[in-house]
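Asker: For the record, the sequence lines run as chains A and B. Numbering-wise (my numbering), the first sequence opens with residue 1 and increments by one. Numbering-wise (my numbering), the second sequence opens with residue 1 and increments by one.
One or more of the hints may lead you astray.
[As the list claims (entries may be wrong)] In silico SDA-like links for lysine to any residue, alpha-carbon gap of 25 Å or less: (1) K27/A <-> Y22/B; (2) K59/A <-> L13/B; (3) K106/A <-> P44/B; (4) K47/B <-> L108/A; (5) K27/A <-> K32/B; (6) K47/B <-> D87/A; (7) K27/A <-> L13/B; (8) K69/B <-> E154/A; (9) K59/A <-> L68/B; (10) K106/A <-> E154/A; (11) K47/B <-> S110/A; (12) K83/A <-> Y22/B; (13) K47/B <-> T78/A; (14) K32/B <-> K59/A; (15) K31/B <-> Q62/A; (16) K47/B <-> F109/A; (17) K59/A <-> V67/B; (18) K69/B <-> L52/A.
Think of the hints as simulated: they come from the structure by calculation, not from any bench. Just so we're clear, the structure is a prediction, and the values are computed from it rather than from any experiment.
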Amino acid sequence: MLNDYQIIKKIGDSPALHKEERILFRKRQHWFLLIVPVFFSIIIAIAATLSLYYFFILKTSQIGLFISSVFVVILIATSAIAKIVVDWHCHFYILTTNRILEVCYKPLFSNYINNVILNQVKSTEIDIEKAGIINQLLDMGNVIVTFDRPTHQEEFRLMNIKNPKEIGFLMSDVLDIEKPDMMSSPMWYKSKNEENRFRITEEIFPGHSFGVT
Amino acid sequence: MNFLYIAFYITILIISATLGIYNLLFAVYSKKAENELIIVLPGPLQKLLILNIFISFGSVILILFFVLKLIL
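This is chain B alone, in the form it adopts within the complex (with noise of 0.2 Å):
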């Protein structure tokens, strides 16, 4: 049964990494449309991108922290 949550918190910590890095270049692409077409994200938008990169770094920390856990 360990190996089974083992495999699902791995999964789910691809997934979570995988966000952070897509929500990172998507934040990092939409201050391009700023610089290169002068289309400004509204304020909470923006936040929004930086919260879901910090969410994604924190559920990262998280489950690897649940992981060692169930090992150790």
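Looking at chain A on its own, in the form it has when it is part of the complex (with noise of 0.2 Å):
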């Protein structure tokens, strides 16, 4: 005999959060993290225009192959610029008072979404890590919690975020604190039902886009 806990209903019929649930934090990984891979990919789209302006004005005298080619350095450029933006975009922490949530959606590669109910696990371990020069200065690092979960331990990494220090003890503030024991609530499901499909952060920030720090 099920109790109504134990029964999986749709998301629709289920209210948008825990009553008690709220936001505590938004983080993406910090911006320095953008500026190397799209400064490289300046400096080597800049070098290959160099070198077929070398090879194809001065050496071969072909205008029509240097339009072209530097048309498709150009093409390369941007693109590795916009999915290095995109993935960085798309990869950000949420805290909640009832989890904690890792998304991180890289558009047509992959689609990650670590969501841990934190009063489902017991947190052992809460380590916060600023290592190396740059990272001191900009105040970068990553905030490592271990949960000790029934059949394992398993780490929830927030990494390369601003203020690590910040947020490593607003966590373990969080994480102290006795949860009330969300099993009372059913358990949701993905409808297949268009207009009432599960979306995760909707729930969070219903009708409205991410405004992510």
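Take each chain as given, in its own frame, and dock them per the hints.
Answerer: Given below as structure tokens:
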């Protein structure tokens, strides 16, 4: 005989969020991570253009070849930059009072969502790492939370975020508090009904885009 | 020598067309992120993806023009 909380219901029948759940922070990786690959993409594109100029204009006088290949170089560089920026933009962490969430969406390549329900795990360790001169100067680092699950230990890593110390202390506070038992609510699944699709982030920001900082 | 030039043109034509298709798919899947995960890309980034598609389209036409000019 199933209890109420064991029955799986459609997300459309569910309340949007747990009543007491609220967002504590939303974080992306530090913007500095964008600078190096974007800078190198631009440098490589300029070097390639200069090489093409040398071969096709100075050596062989093929203006058509030069113009065509410069377009391709520009296309490759802008495509690479767009991919780097989109990957950075679609990778973020959210901490609420009930869960910790990592969303890493790489359009066309991969899709990864790690959702840890905090009252189902025991946090045993929170490490704050800030190694290297650049990390010290930019106040950038990692926060590693170790969860002791019934079967194994698992680490949740918030990589290269700004203010890791502040975030680590905030997480220590949150994870230290005993969580209310969420299992009184039913579990939800993704409905095939397009109008009531399960949107993990829409629950948090109904009808809005992420204002992730 | 002409054969080498034509081979080079064809190579960059293929690269350009492939990148155009890639950018188109990338833009479509970015839109999908907006629908499924409510992650909206910044406006300039969306414009960059569309611009890339147009650059690709333009360069394919340009390369074809140069190849035809070389052949005919």
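Asker: Any hints from earlier that this structure breaks? Give me their numbers in increasing order, please.
Answerer: 1, 7, 8, 14, 15
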